[in-house]
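Novice: Residue numbers (the working numbering), protein chains in the order written: chain D, 1 to 299; chain B, 1 to 299; chain C, 1 to 299; chain V, 1 to 299.
Just so you know, the hints here were simulated from the structure itself, not pulled from any lab data. Check the hints yourself; a few may be wrong.
Given that identical chains are not distinguished, each listed pair holds provided it fits within a single copy or across any two copies.
Taking lysine to any residue pairs in the SDA-like style, the calculated list, with each CA pair at most 20 angstroms apart, reads [stated by the list, open to error]:
id	residue 1	residue 2
1	K238	A38
2	K232	R154
3	K232	A105
4	K238	D248
5	K215	L176
Protein chains: 4
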Amino acid sequence: MRIGFVGAGAMGVGMIGNLIKAGHEVTVWNRGTGPRAALKSAGAVVADSPLECAAQDIVINMLADDAAVAEVTLDPAFLAAMPAAGLHLSMATISVALAERLGEACATGGRAYVSAPVFGRPPAAAAAQLFVVAAGARDAVARCQPLFDVMGQRTFVVGERAPLANVVKLAGNFMLAAMIETLGEAFALTRKHGIDPQQFLDLLTSTLFTAPVYKTYGGLIASDQYEPAGFKLNLGLKDVRLAQAAADAAMVPMPFAGVLHDRYMTAIAQGHGHLDWAGIARLAAEAAGLHPLADGDPG
Amino acid sequence: MRIGFVGAGAMGVGMIGNLIKAGHEVTVWNRGTGPRAALKSAGAVVADSPLECAAQDIVINMLADDAAVAEVTLDPAFLAAMPAAGLHLSMATISVALAERLGEACATGGRAYVSAPVFGRPPAAAAAQLFVVAAGARDAVARCQPLFDVMGQRTFVVGERAPLANVVKLAGNFMLAAMIETLGEAFALTRKHGIDPQQFLDLLTSTLFTAPVYKTYGGLIASDQYEPAGFKLNLGLKDVRLAQAAADAAMVPMPFAGVLHDRYMTAIAQGHGHLDWAGIARLAAEAAGLHPLADGDPG
Amino acid sequence: MRIGFVGAGAMGVGMIGNLIKAGHEVTVWNRGTGPRAALKSAGAVVADSPLECAAQDIVINMLADDAAVAEVTLDPAFLAAMPAAGLHLSMATISVALAERLGEACATGGRAYVSAPVFGRPPAAAAAQLFVVAAGARDAVARCQPLFDVMGQRTFVVGERAPLANVVKLAGNFMLAAMIETLGEAFALTRKHGIDPQQFLDLLTSTLFTAPVYKTYGGLIASDQYEPAGFKLNLGLKDVRLAQAAADAAMVPMPFAGVLHDRYMTAIAQGHGHLDWAGIARLAAEAAGLHPLADGDPG
Amino acid sequence: MRIGFVGAGAMGVGMIGNLIKAGHEVTVWNRGTGPRAALKSAGAVVADSPLECAAQDIVINMLADDAAVAEVTLDPAFLAAMPAAGLHLSMATISVALAERLGEACATGGRAYVSAPVFGRPPAAAAAQLFVVAAGARDAVARCQPLFDVMGQRTFVVGERAPLANVVKLAGNFMLAAMIETLGEAFALTRKHGIDPQQFLDLLTSTLFTAPVYKTYGGLIASDQYEPAGFKLNLGLKDVRLAQAAADAAMVPMPFAGVLHDRYMTAIAQGHGHLDWAGIARLAAEAAGLHPLADGDPG
């Protein structure tokens, strides 16, 4: 299939590679000039404008945020460049409200729209191990399925209205953030009583909390090391706000989300937006009067 | 070894069975008369008074709560009945403050004290699959280790001051309660947007949240079924309060614990204390204006 | 002075009356046809279009919310209709972000802009007893001062950047909402212990909390009567959201605002958006398992 | 009347002075030796033991906290020293649970018990301007009324069960703490946007929030000056905890109280327990990334 792909960031590069490996013809546009050479040598056509991507059978966006997605894909020229049977497949983490607008914009011109955000980090994207959460008209999702199959390990179709996929993605990210805060409070409690953080981590992840995410985030918190960031605090706030916006629109009070919102705002207002988003755990420790762990300090 | 065991509830019965199978001589006391026959036929000596249990080499308590543990094991007669080399092994879920008092009471009389609460439900107790969290003087813990080995699948020794084991147990229970609330809010958000709860559950537990506890509690919430209770809401409040008391004593602010406290209080004040403690998820749904799911209703 | 006035609601009607009494020539536009006759008989010129209002020396808006203000006053035709020395005086409760856009829109065309929201209810508007919170360029505010003098009892100029006045107005409304929640929790606590609500109210307002707002809102809560609404719950949520948006933009975590947000959402999701915004106090009572007070029931 | 008075702290000294002025014979005991000379010269009999105070017609306690009140007044010798028609009048800020125990202890010996905590600071105590909140058996309260009349400006009798007065006192203190947090968040919001704190304070206290408590606490926050403390943060935490305990006992969820609890814990854990309890406002400012105001700095 001829695929357009806008947004060749850390995630996009891996996804593009897998599409090419599967025999698809991929035309890529990225705002910066960064990965052009790498993309070319991987077999991608590098476009000078997103309109070239829009002109393909399916155009995928994996852009950074609402602002970038709206600017590029709601541009009337972008919509006009899409073929009559075109399909916009939005895989970025965006708001429910924007997904609605994207769907309407495509529908107006008779094009199809599918939301399919993913769970997984860059290594999972490179290894075609993403989890894809898709929603949209049945036939539109079916057209995308072969692409999901080569980019991810499993696809979950959660409904026929595209924004539902975004709701699920944001709910999942909220759950991760809540898990981080939960760990932060539990580590503050045990550490202040004198429990060794590594030992507590080992216990948690060997007993009740065996999911790998506990190991990943618990490990950052136990060692009190939040740099380099796998996913930045700034983006954590963005995601919490998107989840709250989805909750607000549907009138769903979420007290944990309110606590998370304050944690991310505090960390960023105090200058820590560049840390990994697990760094809000340091706020729980500081509130308890604990000091940052020095390297190698057992507690 | 000659073991005394006070508190033959749903957990205790399984633990006693495993001690007997391993060849220990177990003298059991229980407040009610319930499992006497079963205990006898399993090979236990059924005592008429906790003092007979106190007189054994090691006396284990697996009583219901702080009040029961204090009444039975801080009774001067109980302490006096312990042999000079006696050891009190408290495996119940009790407060950090009570664990301190138990330790002091034993120390005053020259006896040893070990805290070793467990993670696991009655079936795990019966199957010797408990996780044991132990703390106390090194030699005292070592004396208990053979008992841990036959009651549990793994022991974590978290320190030489006995109450540390209780801190860890309470932190773990806090984490479970926070996971429940997190699920409750995420299900309310997705369900109000029209996502099928079972599908959302399948997605969560197949991707990021693969720990069995997510399957267990997520299953209750997705089906909106909280009876019969595996662990009652009333006890959930008790455990949240114990975690908060441990946090208060060490001056550790825990905002999620505050939210949980209000959830459990609300559910109980509104007459739902008999439901499973995952039932606080219904409060998140109700606050969003959702109605209870009828049986078989997909959402 | 020749004044345009868009938005003749319950507040606007009183303000218009006072402007006319002071000898100003007032041209009024309102979306509905409601108060036309009354406005005419009071001496106002009733316009068929907001553009007629825009054409006056100063055009005041007292519209309902952000959407209405943006639709009417950001219309390019409205801006074009303003005289070269025109001034837009926005007295509605709007977002800080919209106030910024209004200021920019006026500045682009060389017109002046002043934000001057007010504290006070319709009777205070009618009695020229409003408190005016004004901000904007010094000379622009000075031009408006004679109007403030006839509409209010006192004007507070809080800065030279217009949106500052909106920040202060939203902070004030946040404080009122927080006072309501505080009262709700305190009444729930005392009522559940058996204290008579009217007696508790009398005590509060005779001792520490003598400000009239405590009497007003405390009275509603003590009698558990929230209809007819003086200010609706729906609007309360709107105001809390505006305060949170102002806080978000400046990165100011406000945990009480988060609690309020959940309270208003819950009340509205459960179908109570038409009650007075003090009605969130009923949520505190219900969470404690208390039932609504029947009329005349002392508690 | 012959009055015993235990607890001659900053509050007690003023109250004792007013009792003496009204012609009562007052026997005083205080743990320290501090105000002995002053008390004597004021006309008090200074006792060497609280038992001498207990032996009077009415014994008033104005001790510091639950621990002190329990130690002194639940001492069997104290109870035995009370005359057959004795009355214990507890005016300290204590827990509802302790008030119940004090009442039971007196009832057991046939003595009367009245709870009558007060609102007001030391200057109000000295000026006989306290507000007295009283509860207890009708005739017992009547016996105390002449004393209330000379110590306070007004008495509120809130019920016939003594602990009700303590509930009301704790609810009032909760409301003060909530007002402080509300001010803290509102000041953080406005200050970060660039509003001058003194100007914001002037506006608040001239318009909606005219109660003197807003002037007092708002003044501390606007100037960011929390030393010397009028009422220490440490005691603020104590009072919030007492309110929460009263709420817990009656199953009344109070989310604002939860936030306050975390604020006071944080401030104390970070070493600020000696500041005035309005100092939690600094946490709201710090979370927004604001720095303490230097003296004379307008914001």
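Novice: A separate judgement is required for each hint: does it hold in the structure or not?
Specialist: Tested hints:
Taking the shortest alpha-carbon separations for K238 and A38, neither the intra-copy value of 30 angstroms nor the inter-copy value of 49 angstroms comes in at or below 20 angstroms. In the homo-oligomer, the alpha carbons of K232 and R154 never lie at most 20 angstroms apart, since the shortest distance is 26 angstroms inside one protomer and 36 angstroms across protomers. In this assembly of identical chains, the alpha carbons of K232 and A105 never lie at most 20 angstroms apart, being 31 angstroms within a copy and 35 angstroms across copies at closest. For a Cα distance limit of 20 angstroms, the shortest separation of K238 from D248 qualifies both inside one copy, at 15 angstroms, and across copies, at 11 angstroms.
Within a single copy, K215 and L176 get their C-alpha atoms as close as 12 angstroms, and across copies as close as 16 angstroms, so both meet the 20 angstroms cut-off.
Of the numbered hints given earlier, the model fails hints 1, 2, 3; all others are met.
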